[in-house]
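Kindly produce the complete structure, drawing on both the sequences and the hints.
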Amino acid sequence: MADVTFTVDGKKLAAPAGTLLIDACRKAGIEIPAFCYYPGLSLQAACRMCVVRQEKVGKLQTACTTAVAEGQVFITESDEIAQARKATLQLLLGNHPLDCPVCDAGGECELQDMTFKYGAGESLYTEAKHHRDEQQWSPAVFYDRPRCILCYRCVRMCGEGMDVWALGIQNRGSSSVIAPNNGNQLDCEQCGMCIDVCPVGALTSGSYRYKTRPWEMKHVSTVCTHCADGCKVTLGIRQSNDGSEIVRADNRDKSGINNDFLCAKGRFGFDFVENPERLNRPLVRNAQGELEPATWDHALRFAAAKLREIRDARGGSSIGVIGSNTTTNEENYLLQKFARVVLQTNNIDHTRTADYAAFAAALEGQTEKTASLRDTESAPAILLVGGNPTEEHPLLAWNLRTNVRLNKARLYVANNRPIKLERQARAALRLNAEDYAKLPALLESGASDLAKAVLGEESILLIFGQEYRGKDLASLVAWGLRRGNVRFACLGDHANSRGAADMGLLPDRLPGFVSCRDAGPFATEYAGMPTDSGMAQPEMFAAAAKGELGALLVVGANPAAEFGLDRTKLGSTFTIVQDIFQTETAALADVVFPAASLYEKTGTVTNTYGDVQLVLKGADRAGVKSDFEILVRLAGAMGVDVKTLVPFGKRAVTADLGQSRGAQAGEADRHAVWLAANDLEPKLSPFDPLAVLDEIERLVPGYRLDRLSLFGGNDVPTEPGFVAVTALTGQDLVAPAHDGLFTSGTLSRYSPALQDLKRHQTPAPAEAAAD
Amino acid sequence: MPRLVSHPDEVKIVTSRFGKGAADIDRYVEMGGYAAARKCLEQGPDWIINEMKASNLRGRGGAGFPTGMKWSFVPKQSAKPKYVLVNGDESEPGTCKDHLIFLHDPHAVIEGAMIAGIAIGAKVGFIYLRGEYRYLLEIMEKAVADAYAKGFLGKNIFGSDTEFQVITQSGAGAYEVGEESALMESLEGKRGVPRIKPPFPAVVGLYGGPTVINNAETIATVPHVITMGGPAYAAVGTERNGGTRLFGLSGHVERPGVYELPMGYNLKKMIYEVGGGVRGGRKLKAVVPGGSSTPVLLPEEIETLGMDFDQVGKAGSMLGSGGVVVLDDQTCIVEFALRTISFYQHESCGWCIPCREGTDWLKKSLTRFHAGFGVEKDIDNIQYLAQNMLGRTFCPLGDAAAMPTLGFVKKFRKEFEDHLNGKPCPFAKHVDLAVV
Amino acid sequence: MSRQEMGKETMTVFSPQLAARFDALVEKYPVRRSALVPMLLYAQDEVGYVSDAVIAEVAERIGITELEVRNVATYYSMLRFKPGGKFNVQVCTNISCMLRGAYELFERFQEELGVGHKGVTADGVFSLEEVECIGACCWAPAIQVNYDFHDELAPDSVPSILAEYRGKAAGQGVTPHA
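Residue numbers (the numbering used here), protein chains in the order written: chain R, 1 to 771; chain S, 1001 to 1436; chain Y, 2001 to 2178.
No lab work stands behind these hints: they were computed from the structure. Here a beta-carbon is modelled for each residue, glycine too, at the ideal position from N, C-alpha and C. Check the hints yourself; a few may be wrong.
To be verified - List of simulated lysine-lysine pairs, DSS-like, C-alpha gap at most 27 Å:
#1 Y/2118 <-> R/129
#2 S/1012 <-> S/1269
#3 S/1155 <-> R/59
#4 Y/2028 <-> S/1155
What the hints assert, rightly or not - Computed spacing ranges between beta-carbons, pair by pair:
#5 R/106 <-> Y/2023: 53 to 63 Å
#6 S/1078 <-> R/447: 34 to 44 Å
#7 S/1384 <-> R/97: 51 to 61 Å
#8 R/423 <-> Y/2170: 50 to 60 Å
#9 Y/2023 <-> R/423: 21 to 31 Å
#10 S/1078 <-> R/97: 41 to 51 Å
#11 S/1384 <-> Y/2170: 53 to 63 Å
#12 S/1413 <-> R/106: 35 to 45 Å
#13 S/1232 <-> Y/2023: 40 to 50 Å
#14 Y/2023 <-> S/1047: 39 to 49 Å
#15 R/106 <-> S/1078: 46 to 56 Å
#16 Y/2170 <-> S/1075: 58 to 68 Å
Stated by the list, open to error - Among chain S residues calculated to face chain Y with C-beta under 10 Å, some are:
#17 1134
#18 1192
#19 1196
Have a look at this one:
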């Protein structure tokens, strides 16, 4: 719509006709207070805090329901308005318990902030306040009615935002309460969004309540370690006896790729970090065949000596390396470089949860054909084939719902089973599992409502699940490229499975899916690396069973559980495991190194859409080291010049070392971001993963990153490959995890919070009818 | 059975068929019933709306919005079906006029709805009665069934090619549902919470379609307006206040009842002549002129007060629903104020802060005050509180609670002061009020 | 699956007459949900209160969640969630009735029945409630017993009113609602 001009507090503003005054003002930097208004949710006009004076209108008007029109004049702050807001606050405080000193929201409470601003510091009323006991609705959600100001944000977020509709409002007047859907229990996705939007301390988090005060925490924004959507999550960190602990995870600044959203895993599934079963000392198998604690020095020297001995005696091809889907790009890059350059082997693999290599191959020579996760919140037409985003990609599901609700986007769903997102779909097509391959033909035929509608769309965002691999994936992408105006997204699992593939944790692919045979720049960079394809995971284990695998290095993976390995099947293979927990695989190892989790390290990760984000070290734990540091130390102990692995200290330091930084912490932070973005940050340590990021950018096609944006905490898109990917591994090695809302591979087993939520949401066995 | 009353000053238009068996469709037709609707079918929408405008009929629910104008706001073309909605959720304390209309003249409601339907091009009309009026709903349901049986309602009303269906509906206890958009919510099976306006019902109303919603008395008046002709109806009342009004005289009056009097009828005369004066020959203390939400008037304010929307408005109160509640000199104003605010506290839907919290605190404060535990500052606080509800709430219920409270405190401050500091209520009859 | 698809043998908490009435009621409006408020009231008339089973069946008949039914049901003051008496005595004490002795009337009912506001007599025949305006202001003080109006009352009218309903209860062989 055309812009109209209007005046707010004497300032001329312009906005499209019909824009809500509150939005127009916020865009122009004029903050209008509100409790019930929440961008993107339906309007309530219930809290009456956003009242403003409109010229020639008798009553104060609510800015949240006033659509701007040409020539209007508004006043948003005046004595009259301040008085009205103050009186509303006084009314609220009349029944609101002043338990701020113990309230979780204390210090982060919108009611506190407003009271501070409008000075409703005097209590006019002496009447007793209404009291109701606090209720626990689920392991994750507690409700304290006396603190509730009935803004209905939670109800709308749960219904409109999540499409769960688990919260209601019952009774009326001052007896009104927010009520859960299952008696006094909440039967829902346990996303905790209701807690997030609550402006006061009425809804509190089971994992955080009464633990600390907000100002006692340091807030670190990083990337969630669970699914492959890569939500930004803010960790609340507090000093503890053995480092610093995570006391909370939430979506505090809402500046990430996930906007307002965070799911149960991101919000509550951080507690594996604090699990007492965490490994915190290296373990080495002793003469009795038992794993016993060892010093880092001993364990590293022992492992390094064995690796060197096996490599030198039996050749690199007798060593296997298995990488992780949850370690950083820098770690994955370093791991494959270590394997190829130091261990002299291409036997490197990881558990593939999607066929990213086929995806890259299908897009050979194409640019700007892949979709960022951000595109899913704005694309006018989306075709979702396979997968079940509600369970497996909660942020994608949120974006699609939001896009349909707010932008009237048209969603088309083709699946072999009913999925919840069909509720938002314009058309849905039921496929047999074996018909996924025929989808391009089905679309071309125009034989279904969905096909007709899709053919009629000007542009399409095509999102496909793990049902598509190899040839099927190639033909689906080919259909899209033929049709034109199609962007693609390929869904996989885990926080950095895309990064693992992009960084070349593959037996035949170097970083950027460059072929080992035709290694391009890597031929010189990785001088002496083997050029034949190595073994994939199943081949490695077959070799091990035959006694042909001399050594196995497993980083952040649990193949023993996946492939049913045991000590007999591994034979005499010398096994080194880097992990957070004593997993089934770690239990089989000869040497175990305790690793840091993704929340305890710095680096970058790539979500399944190819968006790269910065991971920042939040927590710290005594005794563990990042996988990056472990690898560097292992290489060092093997006698490698670590500078050949990690290009640290190479550059002449031209930037100042802090002399010019301001005294203010914030200023120093911005200074650091700028230095890092411009590659002026001196990388003085071989354990600085960002030194490797420089090399990734230099060598990996598609990883040309906008560093200022990346280091500023934003998501930065990549392109998948653009190099000839000819020989694909013949076998289909894709094994989707199918994690649900409360599972996350091995990690969720160590998260009591996710275990509790899963139990809460698992229906009890049907009881015989009691009546 | 509610007692019917009569007085020579009455001008019986809407009540003309009361007590004459008009609930029977044949009796109704004998008395000229459904002729107005037939005439409207012939004359068409523009003619109807002109007659309505000329009649100066203003909404009988309380707001007094000109009915003809309201109907003219409905767009002629609409993608969604249009509806007529009869508001029979009569719940304003002091008001029981619609009760008699449903009881004695149900077909007038059907005929009025039908005429509104013809005027705006609606094929469906809803008649919503408060849940407590079950016996009246049954009377209405029978009347509707009879009208269908006669072919007066249905696909082809009176054999024409015009369709009009009537659906009756019961509420289940909620004053707030009397607010037009809250009534639509309730009729859609939701909590009776008002909607954000704009859009107004004439554009986006029931089920999202353009909707005319009128009070039951307004609708029952419509056939009479058509029969008499707009100007003739207007001539009965005063300037801009056409026709008659059903005034419900209640409280401390000798002959309480529902009287149909011309608009502009003097209030003092209404109490002393029509109503037979204050009960037991006592002195008049105050009058609530138009239902419990209208600010109280003192005896000296009613001497020359004509009961129409404009004159009562000028006197600082409102004509409202026409429920005139008379208070004698033995009435405790604090107790009366408390009972009034208790009602609004009970009925506040809870949607917006000023009404939800404000009515609650006013009730708590006045309860304590009436019990003798008030202090000087409370009077100012009560006033401050009410003042800050006024015009700040989501819907008029907040105003309905604040306005009378302000009136009581302003006009009877002395009596409030007499309750302070442990003094017993000078009029005490019972110790404390049961809390609803 | 809708009730129609499930066939007539579907379990219902309502009498066949009421179930049939509800089958028709949901079809009466442009949207099924419009039947919700009256349905709850009619269900209460028969069952005695809005029980969990009533909520479940109404939700299913209309095709909305039980939570939505509860949200709506708890809004309306005539609906109750615990059994009342066979005859619910509702005494209006709002202004017009108050001015003409409603509280004295209400006190008399309390004395005669031995229960207070929202109380139920031990035999389950009566429950008592102080209610807001019932629309009988000009015939004050007025009460409703279930849906029957009784107006222009005095405290001394109380015994005969109660006797009338006790007689009805005896005639019907009323037992308290479970």
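Going through the hints against the structure:
1. A hinted pair counts as satisfied when its Cα atoms are at most 27 Å apart, and residue 2118 of chain Y with residue 129 of chain R qualifies at roughly 23 Å.
2. A C-alpha spacing of about 18 Å is found between residue 1012 of chain S and residue 1269 of chain S, which places the hinted pair at or below 27 Å, so the restraint holds.
3. For the suggested pair residue 1155 of chain S and residue 59 of chain R, the alpha carbons sit about 45 Å apart, so the restraint of at most 27 Å is broken.
4. For the proposed pair residue 2028 of chain Y and residue 1155 of chain S, the alpha carbon gap of about 15 Å is at most 27 Å, so the pair holds.
5. Against the hinted window of 53 to 63 Å, the Cβ-Cβ separation of residue 106 of chain R and residue 2023 of chain Y comes to about 54 Å, which satisfies the hint.
6. For the pair residue 1078 of chain S and residue 447 of chain R, the beta carbons lie near 37 Å from each other, so the given range of 34 to 44 Å is met.
7. Range check, residue 1384 of chain S to residue 97 of chain R: Cβ separation about 23 Å, and the 51 to 61 Å hint is violated.
8. Between residue 423 of chain R and residue 2170 of chain Y the beta carbons are some 55 Å apart, a value that agrees with the proposed interval 50 to 60 Å.
9. Residue 2023 of chain Y and residue 423 of chain R have their C-beta atoms about 27 Å apart, which keeps the hinted 21 to 31 Å range intact.
10. The beta-carbon spacing between residue 1078 of chain S and residue 97 of chain R, approximately 50 Å, falls within the hinted interval of 41 to 51 Å.
11. Our hint of 53 to 63 Å for residue 1384 of chain S and residue 2170 of chain Y holds, since their Cβ atoms are close to 56 Å apart.
12. Restraint check, residue 1413 of chain S to residue 106 of chain R: a C-beta distance of roughly 41 Å satisfies the suggested window 35 to 45 Å.
13. Checked against the hint of 40 to 50 Å, the pair residue 1232 of chain S and residue 2023 of chain Y passes, with Cβ atoms roughly 48 Å apart.
14. At roughly 42 Å, the beta-carbon separation of residue 2023 of chain Y and residue 1047 of chain S lies within the given 39 to 49 Å, and the hint holds.
15. Between residue 106 of chain R and residue 1078 of chain S, the C-beta spacing of about 52 Å keeps the proposed range 46 to 56 Å intact.
16. Look at residue 2170 of chain Y against residue 1075 of chain S: about 60 Å separates their beta carbons, and that is inside 58 to 68 Å.
17. Checking residue 1134 of chain S against chain Y by beta carbon gives a least distance of about 4 Å; that is within 10 Å, so the hint holds.
18. Evaluation of the residue 1192 of chain S hint against chain Y yields a held restraint, the C-beta minimum of about 6 Å falling below 10 Å.
19. With 10 Å as the threshold, the beta carbon of residue 1196 of chain S stays out of range of chain Y, its nearest partner Cβ sitting at about 18 Å, so the hint is violated.
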